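Chain residues, written in single-letter form:
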Amino acid sequence: MTPVTDARRPARRASGTNRPRPGPDHGAWFLVLPALIPILVLSVGPLLYGVSLAFTDAQSGRTEPTQWIGTLNFQDLMHDTLFWESFRIGLVWAVGVTVPQFLLALGLALLLNQNLRLRWLARALAIVPWAMPEVVVGIMWRLVYNPDAGILNETLRDLGLGDGRDWLSGLATALPAVIVVGVWAGMPQTTVALLAGLQNTPRELHEAAAVDGAGAWRRFRTVTWPALRPVAFAITALNLIWNFNSFALVYVLTSGGPGGRTRLPMLFAYEEAFRYGQFGYAAAMGCVMVALVSVLLAVFLAGRLRGGLKEGDVA
Amino acid sequence: MRTSTGARAGQYAALLAYLVFLAFPFLWLISTAFKPPQELAGLHPTWIPRDPTLDNFRQAFDEQPLLRAALNSLVAALGAALIAVVIATPMAYVMARHRSRLTRAATGWVVVSQAFPFVLLIIPLFLVLKNLRLINSVPGLVMVYVVWSLPFALWMLAGYVRAVPPELEEAAAVDGAGRLRTLVSVTAPLLAPGIVATALFAFITAWNEFFFALVLLKTPEKQTLPVILTHFVGAEGVADLGPLAAAAFLATLPSLVVFALIQRRITGGMMAGAVKS
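Going line by line, the protein sequences match chains A and B. Counted the way UniProt numbering counts, the first sequence spans residues 1 to 315. Counted the way UniProt numbering counts, the second sequence spans residues 1 to 277.
If you are wondering where the hints come from, they were derived from the structure by calculation, not from laboratory data. Bear in mind that the values here come from a model prediction, so they are computed numbers and not experimental data. Where a beta carbon is used, it is the ideal one built from N, C-alpha and C, also for glycine. Hints may contain errors.
A few chain B residues facing chain A, derived, Cβ under 10 Å [what the hints assert, rightly or not]:
#, residue
1, E39
2, L54
3, R58
4, A84
5, V86
6, Y93
7, M143
8, W148
All chains should be modelled from the sequences, with the hints used to inform the complete structure.
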């Protein structure tokens, strides 16, 4: 194991930030270095480089040297209606996926926390979307949505609900159709996180509330939700970010079509960078995405803190 | 706690609805994979193939270099998982056991790195790897996957370390064992299941990964399974449904099997990481 070989080397602390303690602190630096160096070289470094590229006219396959162009990319972005449209779609998609996903996952987690007979099957099945490659999830739902050979239209026909339609290429139906897939694909993680939160709520509190004659809804409001809230907010914040930045699912389902109706910001930036070779411009998009998502998230989390003052306030 | 029979019935109805929602796309994928072309062309599809066949699987292997792609995926995922765990374990240990500016920064990075759109990372990485002549190479992809899987590897592993009572280490120290002996003979064995779970989880995420592979791998003989799968879906979205379903089904099996094996540990590790930090 690595700690062995690393810790064997003479350990010297590089700086005096840690108070020297007998024993355990020595060698901490050497234990950290094997991971820290790749992180700095291949993650932090490239990120800074990426941000700096946003201020250049970097393009792929060009022979002239890259020029520093200040904020020109950002000025262009301000007027790029296609980008803002994709940004809007990204927000609709992120909220449209995250909210139903949370509600469904909460319901499923509450059910799985009960002593039900089919619980093992539900747990096993709930794992399937999680383990599948996103590309396969996309392909699978294309088969479901397929206008002729798909099961969705066939079910609708059987139920007498019309002849069905081509869900993924309809201007009005494409975004809702991919949102359904997003909800399906991301439910397991959310369910597991909420289930973990539920299993941390003290059972005695539930029983005490039940003895006091509290109904299911009151027990949920006064006992379950307060205990669950930290986990719920954390997973929701993460889901919002992940969904906003998602790529593979929609790439496989619609490639952003029809007519850009499902072109998420990541798909837009990907095309800009790797189809049109506009590295600088795409990097600027990435910067704007980070900045705006951070602002939105700060607002969301500030709301959470304020909400925390009102005890048991679900809405 | 008592639950009325009415409420129970409602719970079972809800559970059943969830089961249908979770299962039906997957069952449809399997059903499609075993259907002969004439059944796929018919307008009224059925759940159970009338005339099940393995032709789709054969055709899938004929149409695309699936074996080659599976091998590439295996190398990339295995390489990334092993390297990530080997370098993350000592750092996770330090993060869990010592509070310092460095470990706080590392924890902060783990959280913040979740928020970055990968496009901001992949453009510079693309340029760097191009200069290193590592574009269109599986080792180049492994490098990217290692760094990409480090945050959650650190997160999970730090959770597992925290689950080991420090008293055990202290007791060993009192007994005269040095830091090293303590780590090797006390902490490591207790950590081993967590390390395996983390490695397998890193393996699955790399096996499933698409975006980096799409950008970095150019030629079919270097591409991983998820990228090859998209070749079945033609440019116009017209696809040979049977082989597409067959290949997609095959690509999922390894991660499903691995996930089934370690599912409890992953959820346990995530809980430990989330609850105790």
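We went through each hint and held it up to the structure:
1. E39: 9 Å, holds
2. L54: 18 Å, violated
3. R58: Nearest chain A Cβ about 19 Å off; hint violated.
4. A84: 9 Å, holds
5. V86: 5 Å, holds
6. Y93: Holds, because the Cβ-Cβ distance from B:Y93 to chain A comes to roughly 6 Å (cut-off 10 Å).
7. M143: The hint holds - B:M143 has a Cβ within 10 Å of chain A, the shortest such distance being about 6 Å.
8. W148: At about 8 Å, which falls below the 10 Å cut-off, the nearest Cβ of chain A leaves the hint on B:W148 intact, so it holds.
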